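There are 2 protein chains.
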Amino acid sequence: MEFKNAKEARQKIREGMWTKPTPGLAYGYTQANLVVLPYKYALDFFIFCQRNTKPCPILDVCEPGKYTPIVTAPTGDIRSDIPKYRIYKNGNLVEEVTDIKKYWSEDLVSFLLGCSFTFEKALEDANIPIRHIEENKNVPMYITNIECKPAGMFNGPMVVSMRPMPKDLVQKAIDVTSRFPQVHGAPIHYGDPKKIGIEDINKPDFGDSVTIKEGEVPVFWACGVTPQAAIMRVKPDFVITHSPGHMFITDIKENDLALF
Amino acid sequence: MEFKNAKEARQKIREGMWTKPTPGLAYGYTQANLVVLPYKYALDFFIFCQRNTKPCPILDVCEPGKYTPIVTAPTGDIRSDIPKYRIYKNGNLVEEVTDIKKYWSEDLVSFLLGCSFTFEKALEDANIPIRHIEENKNVPMYITNIECKPAGMFNGPMVVSMRPMPKDLVQKAIDVTSRFPQVHGAPIHYGDPKKIGIEDINKPDFGDSVTIKEGEVPVFWACGVTPQAAIMRVKPDFVITHSPGHMFITDIKENDLALF
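Residue numbers (this note's numbering), protein chains in the order written: chain A, 1 to 260; chain B, 1001 to 1260.
The set of hints was computed from the structure by calculation and includes no laboratory data.
What you are looking at is a predicted structure, and each value in this text was computed from that prediction instead of being measured.
All C-beta atoms in this analysis are idealised placements derived from N, C-alpha and C, irrespective of residue type, glycine included.
Misleading hints may appear alongside valid ones.
[As the list claims (entries may be wrong)] So the derived list for chain A, only partly shown, Cβ under 7 Å to chain B, looks like this:
| # | residue |
| --- | --- |
| 1 | A42 |
| 2 | L43 |
| 3 | F46 |
| 4 | I47 |
| 5 | Q50 |
| 6 | R51 |
| 7 | V61 |
| 8 | V71 |
| 9 | E134 |
| 10 | G152 |
[Claimed, not checked] Chain B is nowhere near these chain A residues, computed Cβ spacing over 12 Å in every case:
| # | residue |
| --- | --- |
| 11 | E2 |
| 12 | N52 |
| 13 | I143 |
| 14 | D192 |
| 15 | P236 |
| 16 | F238 |
| 17 | G245 |
Please put together the full structure from these sequences, using the hints given.
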């Protein structure tokens, strides 16, 4: 199923007509990760993202209590336009919900962060295989031994997503994705997974394992799960995020995020 | 006078050996605008900058009470490494000082913002004239009729800097500066000043008037004075900024801010 634009997709999600993952919905529109935090954590989290723009590229921030992402989706509503949300208390997942209005308060600050789904279309257009799409799986994600720059109470490891490809396509993948600095940009590593602390490429920390064919190398991009990893280490008393794969669909066309 | 690198320049400034404007000091190192605000204003100001990245490109933010810009100058000290600071109370300039230690508190949040001085070297390298440098003046700056996107308590007009040049160099100037998105990037306008609300090009709101020769057109870039204009409209009870032309010199090489 696909909607004709982001606004229509958000409307259907808001009405409860779509509760599944969002990849492929509203073709060409940028999808975003959501993090909602109480005010007391917001400035430190914002600085954390500012210092680690590659894994944590901020697309939009709403002032305390506001739920309209006025930069990326002026008709959107943070509280209802995502098919599934996760509610965390003291680091523990306590509930998955399709609407967060009952949890909303004037104290909450919402962040929308770029997502690598955005550049997958550009990779496909360049004839680079997207294995997890071919195999109908979630992208494999790994916790690395690369520490993010800490900020205030937040610190954590960089999480990466991985897409395997023939070695002679790696440079093309670098070229294509470096055009998208607001959605993780160029890969941070390719080749030996151990060099970034990944012991077993077949056991991702998040998402699904995918086939790496003979002659292919794994290519690693900074991943939007990184801010969530930092949040989970800090264990704030309250956090809301999207559920994995259930993203906020913005009005920003993917190509508008390309540099050239 | 010129120092061999940013660290040496900051050291001399810290020791009180240099109290004049900084353009030309520590050749090749990025200079930054400083804004220091109490915690209660910091999140809204940060969101204001995030929504208006062209005039307000953030290079570094220090957590409340911290004065080390760990991303851009890990050996720096926000409190002493600028030759001249301005202290504002309730929107009024109350003092100019060479050190802000006596004003420092755990409640203060510091922002370093990109400055168009950074791309002037690249313009010169492309044989584009920099009139205010030729005439040994400060760059002319104007308040436009373009409103920034508001955020929380902050709102204000975009301020622009202007550099006149022969019409056939404008495209080159656009190409050169679009490589530097973190220091205002490509011009926001060129040609008729009235189209952006500037009534008299010979009467800048800040800086000095410069000669526009026969056959030249004015080219306008978003300017780092914009966040100060927004702050002055809000009149916070307390703000510290650098004094015009007296910038913070970071360890970031200007070329490191170029996209390619």
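Quiz item: Are all C-beta atoms of chain B more than 12 Å from that of A:N52?
Solution: Contrary to the label, A:N52 does not stay out of reach of chain B, its closest Cβ about 10 Å off (not over 12 Å).
Quiz item: If you take the shortest Cβ to Cβ gap from A:F46 to chain B, is it below 7 Å?
Solution: Hint on A:F46: holds, closest Cβ of chain B at ~5 Å, below 7 Å.
Quiz prompt | Outside-interface status for A:G245 - nearest CB in chain B farther than 12 Å | solution = Holds, because the least Cβ-Cβ distance between A:G245 and chain B comes to about 26 Å, which exceeds 12 Å.
Self-check item: Interface hint outcome for A:L43 [beta carbon to chain B under 7 Å]
Solution: Status holds, d = 5 Å.
Self-check item: Least C-beta distance from A:P236 to chain B larger than 12 Å
Solution: Label holds. Min Cβ-Cβ 16 Å, cutoff 12 Å.
Self-check item: Non-interface claim for A:I143 versus chain B (Cβ beyond 12 Å)
Solution: 23 Å, holds
Quiz item: Can we trust that A:D192 is non-interface, i.e. its beta-carbon lies farther than 12 Å from all of chain B?
Solution: 27 Å, holds
Quiz prompt | Interface restraint verdict for A:Q50 against chain B (beta-carbon cut-off 7 Å) | solution = At 6 Å from the nearest chain B Cβ, A:Q50 passes the 7 Å test, so the hint holds.
Quiz item: Is the shortest C-beta separation between A:I47 and chain B less than 7 Å?
Solution: 5 Å, holds
Quiz item: Taking 7 Å as the limit, does the beta-carbon of A:G152 come near enough to a beta-carbon in chain B?
Solution: 5 Å, holds
Quiz prompt | Proposed interface contact between A:V61 and chain B, which counts if any beta carbon pair is under 7 Å | solution = 5 Å, holds
Practice problem: Please verify that hint: A:E134, Cβ, nearest Cβ of chain B, below 7 Å or not. | Solution: 32 Å, violated
In this structure, the hints that do not hold are numbers 9 and 12, in rising order.
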